[in-house]
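Colleague: If you read the protein sequences in the order shown, they are chains A, B, C and D.
No gaps in the numbering here: position 150 of the first sequence is 706 in the working numbering, and each next residue is one more.
No gaps in the numbering here: position 19 of the second sequence is 575 in the working numbering, and each next residue is one more.
No gaps in the numbering here: position 141 of the third sequence is 697 in the working numbering, and each next residue is one more.
No gaps in the numbering here: position 97 of the fourth sequence is 653 in the working numbering, and each next residue is one more.
By construction, these hints were calculated from the structure, which means they are not laboratory data.
Hints are supplied without guarantee of correctness; some may be wrong.
Which copy is meant is left open, so a pair is good if it fits within one copy or across any two.
Said to hold, decoys possible - The list that follows gives simulated cross-link-like pairs (lysine to any residue, SDA-like), each with its CA atoms no further than 20 angstroms apart:
{"id": "1", "residue 1": "K634", "residue 2": "L585"}
{"id": "2", "residue 1": "K634", "residue 2": "V690"}
{"id": "3", "residue 1": "K634", "residue 2": "G620"}
{"id": "4", "residue 1": "K699", "residue 2": "L609"}
4 protein chains.
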Amino acid sequence: MTRSKEEPVEVRGPWYAHGLRVPLFEVDLGQGVYHGNYFHLFEMGREAFFRALGYPYRLFMAEGLHLTVGSLQCRYVKSLHYDDLIEVQTAVCRIGRRSLSLAHRIQRVGSGQRPETTTEGVLHFVCVQSGTPVPLPERFTEKLRLWMDTEDGPF
Amino acid sequence: MTRSKEEPVEVRGPWYAHGLRVPLFEVDLGQGVYHGNYFHLFEMGREAFFRALGYPYRLFMAEGLHLTVGSLQCRYVKSLHYDDLIEVQTAVCRIGRRSLSLAHRIQRVGSGQRPETTTEGVLHFVCVQSGTPVPLPERFTEKLRLWMDTEDGPF
Amino acid sequence: MTRSKEEPVEVRGPWYAHGLRVPLFEVDLGQGVYHGNYFHLFEMGREAFFRALGYPYRLFMAEGLHLTVGSLQCRYVKSLHYDDLIEVQTAVCRIGRRSLSLAHRIQRVGSGQRPETTTEGVLHFVCVQSGTPVPLPERFTEKLRLWMDTEDGPF
Amino acid sequence: MTRSKEEPVEVRGPWYAHGLRVPLFEVDLGQGVYHGNYFHLFEMGREAFFRALGYPYRLFMAEGLHLTVGSLQCRYVKSLHYDDLIEVQTAVCRIGRRSLSLAHRIQRVGSGQRPETTTEGVLHFVCVQSGTPVPLPERFTEKLRLWMDTEDGPF
Chain A
557 MTRSKEEPVE
567 VRGPWYAHGL
577 RVPLFEVDLG
587 QGVYHGNYFH
597 LFEMGREAFF
607 RALGYPYRLF
617 MAEGLHLTVG
627 SLQCRYVKSL
637 HYDDLIEVQT
647 AVCRIGRRSL
657 SLAHRIQRVG
667 SGQRPETTTE
677 GVLHFVCVQS
687 GTPVPLPERF
697 TEKLRLWMDT
707 EDGPF
Chain B
557 MTRSKEEPVE
567 VRGPWYAHGL
577 RVPLFEVDLG
587 QGVYHGNYFH
597 LFEMGREAFF
607 RALGYPYRLF
617 MAEGLHLTVG
627 SLQCRYVKSL
637 HYDDLIEVQT
647 AVCRIGRRSL
657 SLAHRIQRVG
667 SGQRPETTTE
677 GVLHFVCVQS
687 GTPVPLPERF
697 TEKLRLWMDT
707 EDGPF
Chain C
557 MTRSKEEPVE
567 VRGPWYAHGL
577 RVPLFEVDLG
587 QGVYHGNYFH
597 LFEMGREAFF
607 RALGYPYRLF
617 MAEGLHLTVG
627 SLQCRYVKSL
637 HYDDLIEVQT
647 AVCRIGRRSL
657 SLAHRIQRVG
667 SGQRPETTTE
677 GVLHFVCVQS
687 GTPVPLPERF
697 TEKLRLWMDT
707 EDGPF
Chain D
557 MTRSKEEPVE
567 VRGPWYAHGL
577 RVPLFEVDLG
587 QGVYHGNYFH
597 LFEMGREAFF
607 RALGYPYRLF
617 MAEGLHLTVG
627 SLQCRYVKSL
637 HYDDLIEVQT
647 AVCRIGRRSL
657 SLAHRIQRVG
667 SGQRPETTTE
677 GVLHFVCVQS
687 GTPVPLPERF
697 TEKLRLWMDT
707 EDGPF
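Turn these sequences into a full structure, and let the hints guide you.
Modeller: Right, dumping it as C-alpha cells:
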C-alpha cells in the first residue's frame, strides 16, 4: 500500500481538449458526478485523443492488445454537475516500452465565464496481450512523440 | 496537478473485512472489473464497515451530511474477474476534524488457495453540508477511534 | 405483473437522430453493451432531442420537475459493440397531460454499409414535482407538437 | 417496434427471494435508483437464484455459453432509495429449447412494515454460443423444472 506525496506532475507536450456535457446518468444522489464515474469522462477524452492522433484504441484491440490501468490517482477540486459543459483534456506524462502515463484534466467551460479546473487525474497504463505485458505498438508511440513535439497540437 | 511517490500507507488499527462476489455488471470487455467500478466494491466494503461500527452512512445523510471524495489513488495489482469471491477490507489512515482518510484493500479468497491482494486504494473524504466543509459527527469519530484501539476488531 | 403482446408502436411525427460512438465503459464481458446500459444511450439521444427542440431537460430541473420512468420495454435485435458508430433516434408516441411516451431506436451506421436497427425501446414518463405527478410544462408540449407536425423535422 | 398491452404475466412455480440493500452508487440525482440500474438489482437476484438451484451462471460461461437478453419490460411502481432493504424475487415464466423467460419483482421490506412491491420486470433470454442460439444446458433446465414443481421452493 502506498501513499501519494503531492508533487507537480510533469506533462510533456500540449493538452488535447475534448468538449462534452455531463450526462445525467453519471450524477449521484449528492448532485455531483460519482467519484468512480469521472473515469468515464477521462475515457471519453482519451478515446478522442487517440482518434485525433490517428491511432484509435480500436487498433489496439484489433491486435489483441489492451491498455490496462496499473494505477491511478485523482483529485476532485470541484464537483461536476448534470449538463455542465466541460473540456476533458489529455496530455502525456511518460512513454515507457510497455507502459504509458497520461494526465487528464477537466475544465468547466460555461458561457461567459473563465474555465475552471474541476478534476485532475493521472493514469498509468500497461500494454498487455493475453494478460502479459508487451511493447506498445511502434506506430502508436511515434504518433505520441510527434504530438508531444508540437507546440499547440497539430489539430 | 500532483504525482504520487510510492510510500507505505500507515494504517492505524485493524482491517474490517466484508465478503462478496464480483457481479457480472462490473466487468468490462477485457474480462476484468472496469477500473472505475472498483470504487463500487470499495463502497460496498466501506458501507459494511460503517454499519458494523454502529454508524451507518444513512445517519450522515439524515443530518444533511455527505462524505465527499477529495482525492483518491488506486493500485491494480491483479485483475478481478466475474464471480471471484473477494474480501473488501477497510481501515483507517487518518481522522481529521472535517476529513477522513480510509484505506481499502481487496483480497481474492478462492476455496483452498491463499488469499491474494488484488487491489489497494486510499480515499480522502471531506465532510460537507450544503457544499461547505463541516466537522465530522462526534459520535462517528468516537466509534472510529474505538475501532482503531481494538486489536482484531470488536466484531 | 404484466406481459407484452407485440403490436406495432405508433410513432407520431419524424425521428430525431443523434450520432455517437459506443463507449468502452458500456460494454460487458460478452463484448456487447450491457442490457441496462442501452438506457444510457437512449438518454444521450433524448437529451439531444430536447435540446434541439429548444427545451433542454435542464429547464425541467430548474422548475423542480423530473420526468420519471413509469415503465419501459426494450428489444435487443442485435448487439452493439465497442466503438460502433450509431444513431440514437427519438420519436414521440403519446403526449398526455402529465405523461409522455417516447420511442427510441438505435441504428448502426458503419461506413459504406446500410444502417441496421439494433435496438428498439419505448419509455413511458411521468412528470413529477416532489414525487407528485404534475402537468407537463406547456412550453415543452407546444414544442413537441410543433416537432410532430413537421415532415422531416425542422432541424 | 412493438408496444406492450398489459396482461398478467403467468409465473410458474415459486418465487426465489434474495435480500440486499440498495447501494449508493445505483442512485441518481432524483434520489431514486436510475431506471437502467434496476437491471443490476435483477441480476443480483437472478445470480443468487441460479446459485441456489445448483447451476451458477459461472457454469454457462465455462461452456462458452451466454444468456443474452433478447427483450425486456419493466414497470417502476415506486422508487427505490439508497439503503432500502429489499428482496429481489425471481420466478420462471417460460422455458424454451433455446430461450428462457424470467420474472423479477422487487419488494421493499422495511422493519415493522408490510412488504410493498416497487418494481416488476420480465426478461427474455436467448442461450447463445459464439453469437449463435443453442439449446439451454439440459442439467440447467432439469433443475429449473424441479424448482417449478416445488411448492415453496426447496431451499
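Colleague: Run the structure past the numbered hints and jot down the numbers of the failing ones, going up.
Modeller: Going through the list in order, the structure violates no hint and respects every one.
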